[in-house]
Amino acid sequence: MADVKQPGRLVVDRATKPVMPRYLKLRHDPGRDRWVLLAPERILTPDNIAVSVLKLCNGESTVDDIAAKLAEEYSAPVDVITADVVELLQDMADKGYIKG
Amino acid sequence: MTEDLKIDGHVDAIAVDDEPTTGVIGSADESAMLCAVAPVGLLAELTHRCPLQCPYCSNPVELESVKNELSTEEWCSVMRQAGEMGILQVHLSGGEPTARKDLEEIIKAAADAGLYTNLITAAVNLKRERLEKLQELGLDHVQISVQDVDPAGADRIGAFKNALEKKLEVAHWVTELGMPLTINAPIHRHNIHNVPRYLDLAVELGAQRIEIAHAQYYGWAYLNRAALIPTYEETVSSIEYVEAARERLKGVLTIDMVVPDYYAKRPKPCMGGWGKGFMNITPAGKVLPCHAAESIPELHFDTVRDKKLLDIWMDSEAFNAFRGTDWMKEPCKSCAFREVDYGGCRCQAMAITKDPRNTDPACSLSPYHSEMVKLAKAEAAKPATEFVYRNTRNAAQVGKAHGEPLVPAE
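As you go down the protein sequences, you meet chains A and B in turn.
This note's numbering puts the last residue of the first sequence at 100; the count rises by one with no breaks.
This note's numbering puts the last residue of the second sequence at 410; the count rises by one with no breaks.
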C-alpha cells in the first residue's frame, strides 16, 4: 500500500522537503531527561536518532540532504541512512506529524 | 488511543508514562513506585457552566455552582505546579471553559509552565477576536464538540438553537489561524448512522483529528442510557466503518475511537490505570483520578486549596485507593490481564454492582456481564426514552438516586 498515492497523503521520497507542522512541539522534558514531541492528545517520545531527523525537518532540506548530514554525523553508509529516514518520515507522515 | 502507536521503532507514543520523574520520589513498595511516575495529562474542568445541555455530559450529575469555582490565581497556581511536577499536557474543559472570563490568564499560565494546551469547547459563544487572543497567549490545540452533522439533530441533542452553524464557523477560524483542530463526535443511537458524514466533515474542515466517542454510560449518560444506547449491530457496523476509514485516511485525518464497552468482551484500562497517568481537577479544585470518580461514595478527595498538587498525587487516599493491583478481588486478582486493563472502570463497577472493587461488568469474566449486556440490548431494542437534559434543575431532581444494582449471575 505504501506507494499508492491517496488524496492528501504525503508519500515521502528522496526529494521530499519534510516539515513538522508548527503546532507540534519538540521539547526536552527535564524531569525525565528525554525528548518529547507534543501533539494534539498525543505525547511521543522520539529516540536520539528520531530527534536528529526531526530537528533537520525545516521544510527546506530534502530527505537526501538530511540523510547526507546524518551519514556524516554518524559515519554510516548514506544509502542505509536514506532508507531509514524515508521509513521513519513516512510513518510520521501517516500519523499526521510530518508534512511535505 | 486505540491505534497502533509505535512508529518505526524510533518513536513511541505514550498515554501513561513509565519513566520515574525527578523530584517525584517513590519508595520500594508497589503503590509508592507508581506515584513516583508523574502523570502526563491533566484535565482541568474550569467550570460546570455550559450553554449546552447534552444528555450524555461527562460532568457529574451533581453540578458545581459558580460560587465555589477556583479563582484565577488558584487556577494559575495549578498550572505552575503541574509544569513543575512533570505534567506535559493540560486539557482545559468544563462545562464550557470559555464561560470563564479569565481563560486568557489561565492559558497564559499554562503555556508559561511549558504545558501543551488543549481547549475543549462547545464553541457556540466563542468570538474570533478571543480565539486569536488565546492563540497569541499560547493556546496549542482546539477541540470542538459536534452533537450531530444534521442541524436539527444537533439543536435537539444540545438543546441549543443553530449550534452547528456556529460551531462550523469557529472550526474554520481554528484552521485559518493555523491551529490544529479536533472534532469531537459523541456517538449514540440518534447519530450513529452519521459516523461516515462526521468523517467527511472533519476532512472537509481540514481537521487534524476526530474523536468518534461512543457515549460512556456513567453520570448523565447512565441516567439517559435507554435514550442513547445503540443496538449491538449498529455499533459493530460503525466500528467496522471507522476501522476501514482509518486506512483510507492515513496521513490525512487521525481517527481516535472510544468504543461502547457494554458490547465489549474485555474492559478498557480506564485512564490507563487508576492514578497512573492522569489527574482531573473539578471547578472547585477537588483532585480526582478520573472525571467520574465522585460517583464512588467511599472516596475522599483532597483539593488544591488545601494541598500541593504533587502531594495529592502521591499521598491522597483517593489516588491510592485503586492504584496498582493490591485492591483487587477475584476474578481480577489472579487474572493474566490484571496489569493490562486494571480490572476496567471503577466507576462502572460502582454504578452497576454497587462495589467499586468488583470487576468492571464490561469484562466477560464479571458475573454481572451477561445481565448488563442483556439490559443494554433490551433498551436498545425499544424506542428511545425522552432525554433527561443536563441542567441544574434536573441535577437537583435526580440527586444521587441511581436505581437498584443488577443481580449477578449464579
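One or more hints might be untrue.
Said to hold, decoys possible - List time: in silico SDA-like cross-link candidates among lysine to any residue, alpha-carbon distance up to 20 Å:
{"id": "1", "chain 1": "B", "residue 1": "Lys250", "chain 2": "A", "residue 2": "Leu10"}
{"id": "2", "chain 1": "B", "residue 1": "Lys108", "chain 2": "B", "residue 2": "Glu129"}
{"id": "3", "chain 1": "A", "residue 1": "Lys25", "chain 2": "A", "residue 2": "Gly100"}
{"id": "4", "chain 1": "A", "residue 1": "Lys99", "chain 2": "B", "residue 2": "Leu205"}
{"id": "5", "chain 1": "B", "residue 1": "Lys265", "chain 2": "B", "residue 2": "Pro331"}
{"id": "6", "chain 1": "A", "residue 1": "Lys99", "chain 2": "B", "residue 2": "Lys127"}
{"id": "7", "chain 1": "A", "residue 1": "Lys55", "chain 2": "B", "residue 2": "Asp12"}
{"id": "8", "chain 1": "B", "residue 1": "Lys250", "chain 2": "A", "residue 2": "Glu41"}
{"id": "9", "chain 1": "B", "residue 1": "Lys108", "chain 2": "A", "residue 2": "Tyr23"}
{"id": "10", "chain 1": "B", "residue 1": "Lys250", "chain 2": "A", "residue 2": "Pro21"}
{"id": "11", "chain 1": "B", "residue 1": "Lys127", "chain 2": "B", "residue 2": "Glu233"}
{"id": "12", "chain 1": "B", "residue 1": "Lys374", "chain 2": "B", "residue 2": "Glu233"}
{"id": "13", "chain 1": "A", "residue 1": "Lys99", "chain 2": "B", "residue 2": "Glu129"}
{"id": "14", "chain 1": "A", "residue 1": "Lys25", "chain 2": "B", "residue 2": "Arg80"}
{"id": "15", "chain 1": "A", "residue 1": "Lys99", "chain 2": "B", "residue 2": "Arg80"}
{"id": "16", "chain 1": "A", "residue 1": "Lys99", "chain 2": "B", "residue 2": "Glu247"}
{"id": "17", "chain 1": "B", "residue 1": "Lys133", "chain 2": "B", "residue 2": "Asp155"}
{"id": "18", "chain 1": "A", "residue 1": "Lys95", "chain 2": "A", "residue 2": "Arg27"}
{"id": "19", "chain 1": "B", "residue 1": "Lys250", "chain 2": "A", "residue 2": "Ala71"}
{"id": "20", "chain 1": "B", "residue 1": "Lys250", "chain 2": "A", "residue 2": "Lys55"}
{"id": "21", "chain 1": "A", "residue 1": "Lys55", "chain 2": "A", "residue 2": "Gly100"}
{"id": "22", "chain 1": "A", "residue 1": "Lys25", "chain 2": "B", "residue 2": "Lys374"}
{"id": "23", "chain 1": "A", "residue 1": "Lys95", "chain 2": "B", "residue 2": "Arg49"}
Read the hints as simulated data drawn from the structure, not as lab findings.
Small disclaimer: the values here were computed from a predicted structure and weren't measured.
May I ask which of the numbered hints given earlier this structure violates, with the numbers listed in increasing order? Hint check: 6, 11, 13, 15, 17, 19, 20, 22, 23 fail, others pass.
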